[in-house]
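Peer 1: Sequence:
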Amino acid sequence: GRLAMPLDAAEVERLRARVARVQANLLSLIDARPKQPGFVRGAELPRMYLSAFGEPLDPEALTGQSELKAMLNRRNIFPRIGVRGSEKYGGWLIYAVATSVAPQPADPNASKDQSGVAVPPALAKIESNILKVLHAVAHPTAPGVPPRFSVTAGGLADRYGRLLRERLNFRDLGFRSLRDMIEACPKLLVVMRGKAKSKSKGGGEGEGEGEGKGKGKGK
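Okay, so the sequence shown: first residue is 14 according to our numbering, each after it adds one.
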């Protein structure tokens, strides 16, 4: 039969404590993939785990579930592990996430940017990381003119993963799209190609550019 998600908070904490070492081991496996930064394929995971740590990755022994993917997909127990894909479409993989799936509430004491908007801590970290990516790909300009900071939406996730060794996934923060997440960041701006600084709802075909406000120099 299927094991229901535990509703009791004490039971959730007990399972999280039991798998804490396993989660740390999985994160180390993800971090150790220099040619594939940010993820490990599910088909390779049991063999890699056994080879690296000398013990099997046994979901039934850990949480009572029969399927490894189903166990790792329980974000209330594995808050730092994300799962994507399916066996029907090329297999599934795991990746590291910065936060749990639920968006964090804004801290009333948190610092605000020039627009006066307080940013939730988890989103502020992503925003800061994206600004690092923008600085890394700054377009040169004439002498004495600040460089232009921008990156295409299609290239952002790849550059983010290579620079920060973390997978960028807007769903981890509860957003429906990458654009929605970018537009929630006060220091970032979505610029549609051919429609300079337009924030209208376009076709959304992945041709947008993310550009740092204030030349990408937000504190």
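Accuracy of the hints is not assured; some may be wrong.
To be verified - Restricting the straight-line Cα-Cα distance to at most 25 angstroms, the calculated cross-link-like pairs of lysine to any residue (SDA-like) are:
1) K138 <-> R192
2) K138 <-> G174
3) K82 <-> V96
4) K145 <-> A56
5) K101 <-> S79
6) K82 <-> A56
7) K138 <-> V96
8) K101 <-> L81
9) K82 <-> S64
10) K138 <-> A33
11) K101 <-> L58
12) K82 <-> A45
13) K82 <-> A23
14) K82 <-> R97
15) K145 <-> R175
Claimed, not checked - Okay, the calculated beta carbon distance ranges per label pair:
16) A151 <-> R31: 23 to 33 angstroms
17) V25 <-> R54: 24 to 34 angstroms
18) R184 <-> E80: 13 to 23 angstroms
19) R31 <-> P59: 13 to 23 angstroms
20) G167 <-> K138: 33 to 43 angstroms
In short, the hints are calculated from the structure, not lab data. No residue lacks a Cβ here, since even glycine has one placed at the ideal position from N, Cα and C.
Peer 1: Let me make sure I understand: some of the numbered hints might not hold for this structure. Which ones are they, in numerical order?
Peer 2: 4, 16, 20
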